[in-house]
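K.L.:
Can you build the whole structure from these sequences, using the hints too?
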Amino acid sequence: MKPRPAYRVFRVVALAFVVLSLLAPLLWMIAASFKTNVDIYDPGKALAFSPTMGNYAKVLQQANYVEFIVNSLWVAFAATVASLILGLPAAYSMSRFNMRKSALVVLMARVIPGVSLLVPWYYVFSNLKMVGGFGVLILSHMFVALPLVVYIMMGYFDSLPEELEEAGLVDGLTHIGAFRRIMLPLSVPGIATAGILSFIFSWNNFMFALVLSDADTKTLPVAIFDFVGYASIDWGGLMAAATVVTLPIMVIALFVQKYVVSGLTAGATKG
Amino acid sequence: MATITTTKAPPSAPDTPGWVRWVNDHRKWLFAAPAMTFVAALLVFPLAWTGYLSLTDAEGSVRAESEFVGVQNYLDVFSDTARFWPAVGRTVTFTVVALLFEVVLGMAIALLLWRPFKGQRWVRVAILMPLVATPVAVGMMWRLIFDPNIGMANQILGWVGIGPQPWLAGQHTALPTTIFIDVWQWTPMVTLILLAGLTSLSDEPQEAARIDGATTWQRFRHVTLPLLMPTLTVAILLRGIDALKTFDILYATKGRGGGSFHEVETLNVYAYGLSFDYNEYGVSSTVLILFFLIIIGAMWALTARRKEAKR
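Residue numbers (this note's numbering), protein chains in the order written: chain W, 1 to 271; chain L, 1 to 311.
The set of hints was computed from the structure by calculation and includes no laboratory data. Since the structure is predicted, the reported quantities are computational estimates derived from the model, not experimental observations. Using N, Cα and C, we set each Cβ at its ideal position, and we do this for glycine too. Certain hints may be false.
Between beta-carbon pairs, the in silico distance windows are [what the hints assert, rightly or not]:
| no. | chain 1 | residue 1 | chain 2 | residue 2 | range |
| --- | --- | --- | --- | --- | --- |
| 1 | L | L30 | W | L27 | 47 to 55 Å |
| 2 | W | A167 | L | K307 | 32 to 40 Å |
| 3 | W | G229 | L | V71 | 39 to 47 Å |
| 4 | W | S50 | L | A301 | 51 to 59 Å |
P.N.:
Written out as structure tokens, the structure is:
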């Protein structure tokens, strides 16, 4: 049934308001990143300003952001790959053999406050001389990514019919062969979803890197704070830094929208 | 324990080496073990240690000697009306108010997006943006917008004749402002989950109600909402847990200790400060254990409701 015209008008107006409220602040941030600090302080220059690349020059050259971008990329990439390697077989097993209690243990990682793990981690990893290194950062980000992979992939394996695997067994594959040659190739969309979500969550993670990284290994969310001084804030630099951190992830999400949405809503409708 | 679904495997070829057969027969645990070990090592053992630390007077350095003090920390924390209880209050206020707005707004937006229309794809893209944005960057962005002197928020208020507000800088306005930021960033999450739930509903109950002459509100209240209840509970559960643990935007907007008057100091921020600003490991572990229990309690209450709703 077609909605009534009055409702359609209301819907357009309401959704336009929603979209504006969600996007305007982000656009404002990006606009400010192209302004000089003088222009940021002048309300008359809200929209009419002469754009400058000065803030980005500051962020990328003086503030060493190229290094932090590489750090963030490396940590997120390594944590995602490692989580997929550990998580895919685990999710498969938990789905096929209905290991709900084991799954619950892994999902506890999503529930527990990170701070409660950081003190013991800090102690253990500083004894191992790992604090400040990439190893411990990747491990801590895996702690975020692995439960996501298991959660998303369990749902995905649940949806694949077991008969496909049995057909492989009849054709002489071993169980592990069937997993590798039948189930994994069929799961590529699920793996993409899990991988993308892991990457985003690792990229955005702040608390673990705040404690476990040092000046050379810090990731972008920690590096943002370089622009917040005790006395004053370099707003132009800060907005450029915030844009550098968050714009890439928004652009990626734009292109792989479908996967991001299915990952974020995974398992929600099973009841 | 888990039930094992036995698939009839054909007998392996006779030339299969023994170890391959062993690996295949034990694949259930071999597959699950690495991930389980990883999580257990990084979760169970540290959690147990936090539990132990909460019974000691550990402070200063993680390597320093500490003494077992029994439940003294718990008694101290329970009688701490200066930092602990206000932090509990803020945590609960933040979570309940933010969740309330996120569920109501999220539901409204999901209903608007339910039926296909031209341009829906673009609205969905817009909805996704806050959700994937880095929370710390989001905090910084709102810090500029809510700046009392140069921020856009007071500009806009000025246009409609309302005087400037202190927003994040005010002792009483800081917490509501951070709640607003949380609502801005996470309402889309609720919308996406509910939208997934809505699209999975069948049209028949709707049609039947329509034929029976039910109004739009009646159809929502008595048909859509009950059917959507399981999905709504999942959304509340996922969002609620994350809201309780909010850290990034609070730290980004107010810094250490939740501001100079601890205006936005929630349990997570308080525990972080105790651990890493004051090195009070014993007390911070106590706060964390209590915090963890609150989270588990909230989850338990919600899942109990969910099971009841299913019956």
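K.L.:
Against this structure, judge whether each hint is valid.
P.N.:
Hint-by-hint comparison with the structure:
no. : hint                        : verdict
1   : L/L30 / W/L27: 47 to 55 Å   : holds, 51 Å
2   : W/A167 / L/K307: 32 to 40 Å : holds, 37 Å
3   : W/G229 / L/V71: 39 to 47 Å  : holds, 43 Å
4   : W/S50 / L/A301: 51 to 59 Å  : holds, 56 Å
In this structure, every one of the numbered hints holds.
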